[in-house]
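Trainee: Chain residues, written in single-letter form:
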Amino acid sequence: GAVVSQHPSRVICKSGTSVKIECRSLDFQATTMFWYRQFPKKSLMLMATSNEGSKATYEQGVEKDKFLINHASLTLSTLTVTSAHPEDSSFYICSAREVAGGPWRDTQYFGPGTRLTVL
Amino acid sequence: RKEVEQDPGPFNVPEGATVAFNCTYSNSASQSFFWYRQDCRKEPKLLMSVYSSGNEDGRFTAQLNRASQYISLLIRDSKLSDSATYLCVVNSDAGNMLTFGGGTRLMVKP
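Chains as they are written, first to last, in this note's numbering: chain A, 1 to 119; chain B, 1001 to 1110.
One or more of the hints may lead you astray.
[Claimed, not checked] In silico contact screen, one side only, chain B against chain A (beta carbon under 7 Å); selected entries: (1) Glu1043; (2) Gly1054; (3) Phe1100; (4) Gly1103.
Since the hints were made in silico from the structure, they are not lab data. Since the structure is predicted, the reported quantities are computational estimates derived from the model, not experimental observations. Virtual Cβ for every residue (Gly too), placed ideally from N, Cα, C.
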């Protein structure tokens, strides 16, 4: 299947700093990428939908000014956690949608995730 | 009511056992259904799509019941390596937004 990479895989930062996470589709173009957050022993929660060339769509309760998303190209989306606080510590996972002949047939591939720890 | 509901488990089964998970979804307009597997501290990986006619992939069988709005996953001859969390995932939006169930944890013991 298609490959999606994330960088970094793990980051520890001090409270108040900003952290940028990259999500790349390695062998296909993705007009749409998704950002999820997963707390321990919980399921994935969609944070936002990242659309190449336009603004991201945020889910209810997700602060767009805190979680900045940039989908600069068909293979790269970035999530920046601004002024991170300990409660932002989580597992952040991106996915990229591979177009395959119709929206109901598209497949999403997940990146390996980024574990963020804010001290 | 959650959009996608699963029994969190854990299901503790011996090697070689057959185990089944169910999942219910609330949006009758949902069109695509999947089972993902997630190992501890890893990303979800697609296990199989679920088709209306039901489908089988080796030891895994997925079924869809649209009338009752539930999906099932059957694992036969369980292996130790099947131990993981199984996520029921529903696509209710042509924009491909996936909604995840809470996951069912399976532990296969020797």
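Trainee: Hints broken by the structure, by number, lowest first?
Mentor: 2
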